[in-house]
Amino acid sequence: MIEQDLRDKILASPEVILEDRDLMKALIAANERAMGANVIDLRGIAMERLEGRLDRLEDTHRSVIAAAYENLAGTNLIHRAILQMLDPFGFEEFLLNLSTEVAQTLRVESIRLVLESPQREADPAIDRLGGVLQVVEPGFVADYVAGGRNVPLRTVTLRRALPGTALYGDLSPRIASEALMRLDFGRGRLPGMLVMGSEDPEHFKPTQGTDLLAFFAAVFERTMRRWLS
Numbered sequence: 000m001i002e003q004d005l006r007d008k009i010l011a012s013p014e015v016i017l018e019d020r021d022l023m024k025a026l027i028a029a030n031e032r033a034m035g036a037n038v039i040d041l042r043g044i045a046m047e048r049l050e051g052r053l054d055r056l057e058d059t060h061r062s063v064i065a066a067a068y069e070n071l072a073g074t075n076l077i078h079r080a081i082l083q084m085l086d087p088f089g090f091e092e093f094l095l096n097l098s099t100e101v102a103q104t105l106r107v108e109s110i111r112l113v114l115e116s117p118q119r120e121a122d123p124a125i126d127r128l129g130g131v132l133q134v135v136e137p138g139f140v141a142d143y144v145a146g147g148r149n150v151p152l153r154t155v156t157l158r159r160a161l162p163g164t165a166l167y168g169d170l171s172p173r174i175a176s177e178a179l180m181r182l183d184f185g186r187g188r189l190p191g192m193l194v195m196g197s198e199d200p201e202h203f204k205p206t207q208g209t210d211l212l213a214f215f216a217a218v219f220e221r222t223m224r225r226w227l228s
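Numbering (numbering that gives the first Met the number 0), first residue to last: 0 to 228.
It cannot be assumed that every hint is accurate.
To be verified - Computed spacing ranges between beta-carbons, pair by pair: (1) ALA141 <-> LEU56: 42 to 50 angstroms; (2) MET23 <-> ALA145: 56 to 64 angstroms; (3) LEU189 <-> LEU56: 49 to 57 angstroms; (4) GLY89 <-> PHE214: 20 to 28 angstroms; (5) GLU201 <-> ALA145: 16 to 24 angstroms; (6) PRO200 <-> GLY147: 29 to 37 angstroms.
Bear in mind the hints are in silico, worked out from the structure with no lab data behind them.
All C-beta atoms, glycine included, are put in the ideal place defined by N, C-alpha and C.
Just need the whole structure built from these sequences, with the hints factored in.
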């Protein structure tokens, strides 16, 4: 028999037992044992199924919240990086700022601007910007993004870094994943590409969303158009 004090507490607040999942499981299990093995309690089966659905719902809820926080954090990083990118007033300062403050904000080891040009003569300005600017022959951007495959070219491509790439200069051997953002500078101009490299192989993956990087690339593209004009 239950002690009177405990019995009075249960009768006074029965919802406490109903809200305790482990306690309810124990009561149902005791009830099934009392009925014997030849009797099937459909209520217990129904409760197990409902508990399974509740667990899946809670897991989904946690995943959605985690994804929302991650997306918010990513949005804040991109906004900060864009503000930093727009601070400089000179073109060289604008580009050099990419490889320092903007790269640190976006938590990547390297950011480089790749420009296609039919002229490959030495240029002192390009030499000064060697750590952030690389001039390549026409058609390089499309070939590099495709990676030797016959695939449609997207505005933003996330993937493991190609072996043997020299886009990142001295950092190339350490770059494990990269984000490639194709740039359109307008009619009559050859395309370009903004590349971000990370030493973490999981930093940029094809399964990740690209909306934020596409927005970043669009702002950079429009800013570059003004400088080029």
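ask   = CB of PRO200 to CB of GLY147, is that within 29 to 37 angstroms?
value = At 20 angstroms between Cβs, range violated.
ask   = So the hint says 16 to 24 angstroms: do the beta-carbon atoms of GLU201 and ALA145 match that?
value = holds, 23 angstroms
inquiry  = Within 49 to 57 angstroms: is that where the Cβ-Cβ distance between LEU189 and LEU56 falls?
reply    = Distance hint for LEU189, LEU56 holds at roughly 52 angstroms.
ask   = So the hint says 56 to 64 angstroms: do the beta-carbon atoms of MET23 and ALA145 match that?
value = The hint (56 to 64 angstroms, Cβ to Cβ) holds, given that MET23 and ALA145 are roughly 59 angstroms apart.
ask   = Using the C-beta atoms of ALA141 and LEU56, is the stated range 42 to 50 angstroms upheld?
value = holds, 46 angstroms
message = Verify the CB-CB distance for GLY89 and PHE214 against the hinted window 20 to 28 angstroms.
response = holds, 24 angstroms
The structure fails to meet hint 6 from the earlier list, while all remaining hints are met.
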